[in-house]
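2 protein chains.
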Amino acid sequence: MEIKKKKILITNDDGIHAKGLAELIDIAREFGEVLVVAPHTSRSGMSKAITVDLPVRLKKYEETANFTSYSCTGTPVDCVKLAFHQLLDRTPDIVISGINHGSNSSVNIHYSGTMGAVIEGCIHEVPSVGFSLCDHLADADFEPSKKYFKRIIAETLRNGLPKGTCLNVNAPKGEPKGVAVRRQGHGRWVEEFERRTDPHNEDYFWITGYYQNLDNGSDDTDNHALAEGYISIVPILVDMTNHHAIETIKKWHFNEE
Amino acid sequence: MEIKKKKILITNDDGIHAKGLAELIDIAREFGEVLVVAPHTSRSGMSKAITVDLPVRLKKYEETANFTSYSCTGTPVDCVKLAFHQLLDRTPDIVISGINHGSNSSVNIHYSGTMGAVIEGCIHEVPSVGFSLCDHLADADFEPSKKYFKRIIAETLRNGLPKGTCLNVNAPKGEPKGVAVRRQGHGRWVEEFERRTDPHNEDYFWITGYYQNLDNGSDDTDNHALAEGYISIVPILVDMTNHHAIETIKKWHFNEE
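These protein sequences, in sequence, are chains L and E. Quick note on numbering: the numbering used here labels position 82 of the first sequence as 655, and the sequence is numbered without any gaps. Quick note on numbering: the numbering used here labels position 54 of the second sequence as 627, and the sequence is numbered without any gaps.
No wet-lab data here; the hints were simulated from the structure. Fair warning: there could be bad hints in the mix.
Identical chains blur together in the list; that is why a pair holds if it fits in one copy or across any two.
[To be verified] The calculated lysine-lysine pairs, modelled on DSBU-like cross-linking and capped at a C-alpha distance of 35 Å, are: (1) Lys746 with Lys633; (2) Lys750 with Lys824; (3) Lys632 with Lys750; (4) Lys632 with Lys823.
Full structure from sequences and hints, please.
As structure tokens, this is what we get:
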């Protein structure tokens with residue numbers, strides 16, 4: 574496939590030093606000119622948070638041919654916003670985020686900074702894709718998934734994405750069997766806060782917990798694809814409206830005394 | 574309408590001291606027993622962020638008959654998670670959040686901590702509603718909307734909500750003409766970062782900007798209802814999948830060499 578030189582914006586939520594970011598840069602540079610704006614440290618779990626109460630700083634990190642990177646003290650969404658407003662000379666052809674160290678499948682999309690940045694790219698009407706590997710280790714092995722991630726970027730550049738839609742891509746550990754397009758799995762985190770007492774005799778809590786799958790064996794979810802060894806792709810909407818519920822709720826009694 | 578005594582969890586993103594929170598507590602106490610867990614300070618723009626890198630603290634703030642409140646050093650989503658895991662003796666009948674000082678209509682739902690908490694309540698499968706007033710002032714006048722907000726809570730308790738669906742309620746300034754159930758408006762923030770230089774000669778940026786409506790006059794959006802003087806309700810889905818796009822994207826060439 575012939576690929577014209579593209580402009581690619583990359584961010585992540587594990588920070589500028591993360592191995593997964595370096596791997597995504599490695600893939601992206603084959604497509605053209607790359608701008609990276611990534612948090613200066615880990616901003617996991619930042620969702621689509623924006624920094625409103627503090628100023629944000631940008632610092633040039635690296636510059637080579639067709640490649641520039643910046644670290645940013647803000648959130649992943651701040652990184653995308655700053656790139657669009659302060660750094661890009663034209664709209665990029667694609668926004669990519671990751672590769673996240675750890676799964677962003679199912680309900681994790683709501684908490685994920687990786688996917689927060691992707692949704693921000695989509696709000697800017699640029700094709701946007703988030704990549705995650707189901708391995709949270711700092712030295713996770715991204716190699717087996719890279720050829721698939723490259724194809725997903727190539728196909729996104731070639732086909733575009735439906736209006737208001739971005740992609741949530743998750744890869745299993747090890748050699749994937751292929752790619753499966755699925756819906757967002759239904760589940761939730763069951764929190765198990767750990768209560769500790771500090772040296773001043775005050776309590777504090779660490780968040781922990783486990784994921785509870787509530788799909789009862791459905792075979793059309795991202796989590797099912799991952800469990801079967803496939804890379805999952807979920808097309809994600811910026812419009813969160815439950816359009817079917819509008820007529821139902823219109824029948825409620827709001828306006829009578 | 575006869576209302577049985579309910580258990581109500583309240584949070585917000587403007588913090589435990591906000592006037593909007595006091596107004597929502599005032600409405601909620603008519604329905605039953607209230608537990609408040611709110612950020613100890615403003616956590617605006619926190620979206621569905623969770624605190625993973627730091628521990629979180631809870632502090633009892635007030636306790637009277639059928640009413641207990643806590644301040645929390647975490648995000649609005651942390652507040653909901655801690656309430657469910659550490660403080661509630663049973664699942665609440667409803668989770669309500671707000672009243673936010675400022676609009677959370679349209680694309681603001683993605684950045685809103687108020688709505689982040691509501692989506693968390695919905696992930697916990699409890700009927701959840703977020704309330705916002707289109708006035709960001711600390712002493713905003715919530716009075717004209719309170720009777721409508723009370724009815725929305727009463728109707729939510731009476732009817733329940735469709736599975737995986739919560740409500741984003743926004744009120745205009747002044748006396749509302751009534752309530753309108755709408756879709757999420759299409760638009761985005763046009764950022765206008767303000768660059769300044771600190772006393773050490775380093776640059777920093779403040780986020781600012783304005784909202785750009787991209788709906789071209791559609792009359793079925795939340796923003797249109799607000800502009801016409803109505804309170805808008807948008808039913809919001811936890812499942813962000815673009816189900817229609819799955820078949821399209823399945824035709825892409827992922828698996829061939």
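Going through the hints against the structure:
Taking the shortest Cα distances, Lys746 and Lys633 sit within 35 Å of each other inside one copy (33 Å), while across copies they are farther apart (44 Å). Proximity of Lys750 to Lys824 under the C-alpha cut-off of 35 Å is restricted to the inter-copy arrangement: shortest distance 17 Å between copies versus 48 Å within a copy. In this assembly of identical chains, Lys632 and Lys750 lie within 35 Å of each other by CA distance neither inside one copy nor across copies; the values are 40 Å within and 50 Å between. With identical chains, the CA atoms of Lys632 and Lys823 are never at most 35 Å apart, being 50 Å at best within one copy and 40 Å at best between copies.
Hint compliance for this structure: hints 3 and 4 are broken, all remaining hints hold.
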